[in-house]
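From first to last, the protein sequence lines are chains A and B.
Residues in the first sequence are numbered from 1 upward in steps of one, following the numbering used here.
Residues in the second sequence are numbered from 671 upward in steps of one, following the numbering used here.
To be clear, the hints were calculated from the coordinates, so they are not data collected in a lab.
Since we're looking at a predicted model, the values are computed, not measured.
Hints may contain errors.
Chain A is faced by these chain B residues, among others (derived, beta-carbon under 10 angstroms) [unchecked claim]: (1) V717; (2) H915; (3) A1107.
Interface residues of chain A toward chain B, partial, derived using beta-carbon atoms under 10 angstroms [to be verified]: (4) R93; (5) W94; (6) S96; (7) G98; (8) F100; (9) H136; (10) R142; (11) L175; (12) A190; (13) A191; (14) F198; (15) I203; (16) L214; (17) A241; (18) G628.
Where is the CB? At the ideal position from N, CA and C, for every residue including glycine.
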Amino acid sequence: MFEPLIPSVSPLLAAAAVGGAAPNSLINFVPLIPAIPLAGFVFTAFFGRRMGRPAFVLPLLGVTVTWLLSMAVVYQALTGGFGEHGAGITLWRWISAGAFNVDVGFFVDQLTACLLIVVTTIGLLVHLYSVGYMAHDPGRWRFFAYLNLFMFSMLLLVLADNFLTVFAGWELVGLSSYLLIGFWYGKRSAALAAKKAFIVNRIGDVGFALGIMLIWVSTGTLNMREAFDRIAGLDHGTILAIALLVFCGAVGKSAQFPLHVWLPDAMEGPTPVSALIHAATMVNAGVYLVARTNPIFSHVPEAMVVVAAIGIFTAIMAASIAFTQTDIKRVLAYSTLSQLGYMFAALGVGAYVAAIFHLMAHGFFKGLLFLGSGSVIHAVHDEQDMNRMGALWRKIPITHATMLVGTIAIAGIPPFAGFFSKDEILGEAFKLNFGWVWAIGVVVAGMTAFYMWRLMGKTFYGKSHVDPAVEPKIHESTWTMTLPLVLLAIPSMLLGLWLGLPFGDSVLTRWLHPVFAGAEETLGRTAEPFALFGIDGALILASVAIATIGLVAGIWLFGFFRRSGRQETVEAITASSGATRFLYRASLNKWWFDDLNHLLFIVIGGRVANALWWFDRNVVDGTVNAVGRITVDAGGGLRRIQTGHVQNYALGIAIGLIIMAGSYLIIAAR
Amino acid sequence: MDISSFPILSLIIFLPLAGALVIALIPRRNLAAIRGTALLFALATWVASLWLVLGFLPGRDVVASAAGSFQFVEAVDWIPHFGIQYKVGADGLSVALVVLTTTLSWISILASFSPIRERVKEYMISFLILEVGMLGVFLALDLFLFYIFWEVVLVPMYLIIGIWGGANRIYATIKFVLYTLVGSLLMLVAILATAFTFQAATGSWVGAFDLEKLAGSGFDGTFQLFAFAAFALAFAIKVPMFPFHTWLPDAHVEAPTAGSVILAGVLLKLGAYGFIRFAIPLFPHGAHVFAPLLIALSVIAIIYGAIVALVQPDLKKLIAYSSVSHMGFVTLGIFIFQAQGLQGAILQMVNHGLITGALFLLVGVIYERTHDRTLAKMGGLGAITPVYSAAFGFFVFASVGLPGLAGFVGEFLVFQGAFAFNPWLGVAITFVMIFAAAYLLWMVQRMCFGPVSEFLAGLGHHLTDMRPVEILTLAPLGALTVVLGLYPGLVLDLIAGPVKAVLAAVDPAVAMSIGR
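Use the sequences and the hints to build the structure in full.
In structure tokens form, the structure reads like this:
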């Protein structure tokens, strides 16, 4: 009987090999990649509390299986097992309303594969790390349930073949982020930060949702590949509107100016969450979305300029704030904003491969830095203020060594990962005639090296400022925490050597060529040979030089191993002139964005809402009550209506009968 | 047994009435028997309605006529002199709302066991009669019969708020009844005028109150304007549309929990149903003329309701204003006369019934323990009542419109329809996504997050987590919220036919001659 009602529910059987791919049975197992963490979430959410301490086992196991499966899928996708343009599978028809049809389906191509590597690998390591990090938290089962929910949502986002399903993943990662930021629900600051993250993200989501509506109205489909095929036929203004609306969503999720305000506050969540969600994976969703929709953006270069401008502006603004923050996680948060800005700058100039390269490299080294900071925070008993750290390098050597690797990687020193990816962004920007992006980007590279060394110096080197009561108890974290650090340090060192070489025709470029070839053709790009002893070599030299200058300045001011920093020199420079004092205050107060938002949305918005409520009680309802009162006063007999007896209803019916009779007479008399 | 040879619709409508009669015979002291009987009959009605669904599905794709394609039609002459019949019938829209009603009814009765301790017998009788009225409204195909059921709903609700309500219940219930009565009397006049006009044109009373005969018969344009206006006022008050919404927060605040559940879950849908089933098919020209006004009022309700909800100090008032905003989507979806919009509107009716019904149940749970609903006094429930907090969070996110849960699909279809109708309209209402997140998450933060408030800490062990029976009332709603979120086709498929019928009815090419 329900047969006709469920037209296309035939999971795993309806493998639709799309894109001219040779049928590969592995695609049938792709739905399991998000499904396993979802099952883990549902099970742990219902039974985790009763299971107590071992509740983490199932979620961890599930993510491990997901990782193994993903690696098999990644291998297939990158070796051509799914064909040049990937393969898909459709599960069931989600929404069908007239001409509006949306299927739940998954699609894997080379870009998806790159994201899968980052999401599942870092996801797995963060799960492992959390076993130790959350060992003493009574809500650990809840934590793992939420982590699995996040894995499901993020994998849904990157695997979905349909804009509305992407949007579903998009909102669900927002939910997981909300739950995990507010994990310690008893803390008011955590509750506020969680709410802020969700609402600020929603501002971007409005844009994304409108973009989706415009895509459907103008192309008649929400399937991504179908929509991309039809996009060229639209008029320029429509494509521009779609591109900018989709970018709004990316700005929210990837915390770009002016919606960047939620990410630093999101550090209220437990540190593994900051590493996984707010550094390595979820915040990349915006970058992924813009990269995925490259067939749309390539038709509207002016939209790409907007992307590049927002990206590079965020990069330098966030870097300037990272200079003065003293909370170790906040420094890393602003650093994340800044690096995400690089990725958008790359997308904006059309250096798609460089953007994905940096996404992957950044995922590993920033995940490492965050997990490292968590290990530090653990060691000094939940202290996050770097002014109360120092000289930790000898006491937590593994944490120190791996964070040093992360710092060198993010600073862009060869041959670590960050050098290759950042250099590719800057080099491409210069060669594609975005001189301004390159110039600002180079400055940011120097700033990055400097503030990262500031973090290292204050945390690990010089003299100890740790609470004397805590000092003797400092110890290195357990193996479940240090193992992920080591495992993340390896790609932070070697990823660039693997994916970034040979220059000009790197492994990653070859992988991703089918995904971006169309866009590069639309943009009229022609590949130029790489000139190591020409322009490219000069650009590499320039970016390495500026990174080195940043590092050396950092070492000079903030110390190295036993050598202490020069706090007085820092203060002297800060106080040297009106301009530096202003910059210092601007940086410390995060350019007053939070204050501006408070004024606009809490103070002014609150007044508006209260005024409307006053209007509702006194004008709208006041009118109703006044009408009632006049009626009652006019008919003296009707006063009894306020006595509240049931008989009054009979009175109402009597009035009704009179009106009925009256109207009957009127109509009959015609 | 073959369902079509059986008066299934009458059975569904009058089963609760039978229950009320049985309860009337039970001594008033025997509370357990009274409660058990009420629940039993409500459950029986629910089962019957599910049987209706199973019987309905195979024939649902019958090509829609202007008034829809009704199944299981029963027609008996009632007042033959005026052509008034007892005529009931069901199409997909009716079926969806009937199941919503029967589901929420047994849940509400079960949820009333513990809070209602005074005059239990009268309460249960009122509740069952209320169910009769609601089901009758959704199934009546005769205008006079429809009006009778419409008024039947009013009496028990008046009593439920007025007797078992809060401190200011008299003011609230009188306001509710008078407000609704003003609208429905005008509607009665319009119904009578329609019948007289029809009789004058055809020379016979046959079919003068019959929806299937009247719809699409093409009344004179001017007559349609007046008749539609009268119907629209009645329905707009019931929905409620801005600016007729102020009875709703008062009624919700004073009503007992189950009253609020039914009020939000079903009663508000009566108005929207009236628009779709009666006002638009009968008077399509009138609907066209008034559509811009109703669209404007809907947009105001959507935005205004959401903003006012942001500053509500009382839990129930906050949800009441969120209902004003959410029902604005429904009326907007109806009056843009666009396929996705209308499907979304109907889906939103069902979803809002489930989600807001559940939210009011949850408010009831906390109110029963604290006897307070002031948000400022709450805080930290996450630590004291984790199961409650999880349930609260679940339904709040359903209300926020999280994809995967029921609220999202209906809302997005209305957005999409509005956007296709006019992009700027789409832009204006989509921004409500932000407000909705803001007021709902603010509510969760005040309730569940933060340190435990002094007020709640003072309650000590009285503040227990959810009891099994409370979980039992919420579980079906939660399950439906997930199922409809992942497979909204269950409803969309049912209503595809009626939606086509309504859109065909408002086609401006339909002639307007009767009563000229």
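How the hints compare with the structure:
1. V717: Violated. Min distance 17 angstroms.
2. H915: Constraint on B/H915 satisfied, holds at 8 angstroms.
3. A1107: 5 angstroms, holds
4. R93: This hint holds: A/R93 lies near chain B, its Cβ roughly 7 angstroms from the closest one there, short of 10 angstroms.
5. W94: 7 angstroms, holds
6. S96: Check passed: Cβ of A/S96 comes within 6 angstroms of chain B, closer than 10 angstroms.
7. G98: 4 angstroms, holds
8. F100: Nearest chain B Cβ about 5 angstroms off; hint holds.
9. H136: 17 angstroms, violated
10. R142: 9 angstroms, holds
11. L175: Where the cut-off is 10 angstroms and the nearest Cβ of chain B is about 6 angstroms from A/L175, the hint holds.
12. A190: Given a least distance of 8 angstroms, the restraint on A/A190 holds.
13. A191: At 3 angstroms from the nearest chain B Cβ, A/A191 passes the 10 angstroms test, so the hint holds.
14. F198: Cβ of A/F198 sits 6 angstroms from chain B, so the hint holds.
15. I203: 6 angstroms, holds
16. L214: 7 angstroms, holds
17. A241: 9 angstroms, holds
18. G628: 7 angstroms, holds
Violated hints, in rising order: 1 and 9; the structure is consistent with all others.
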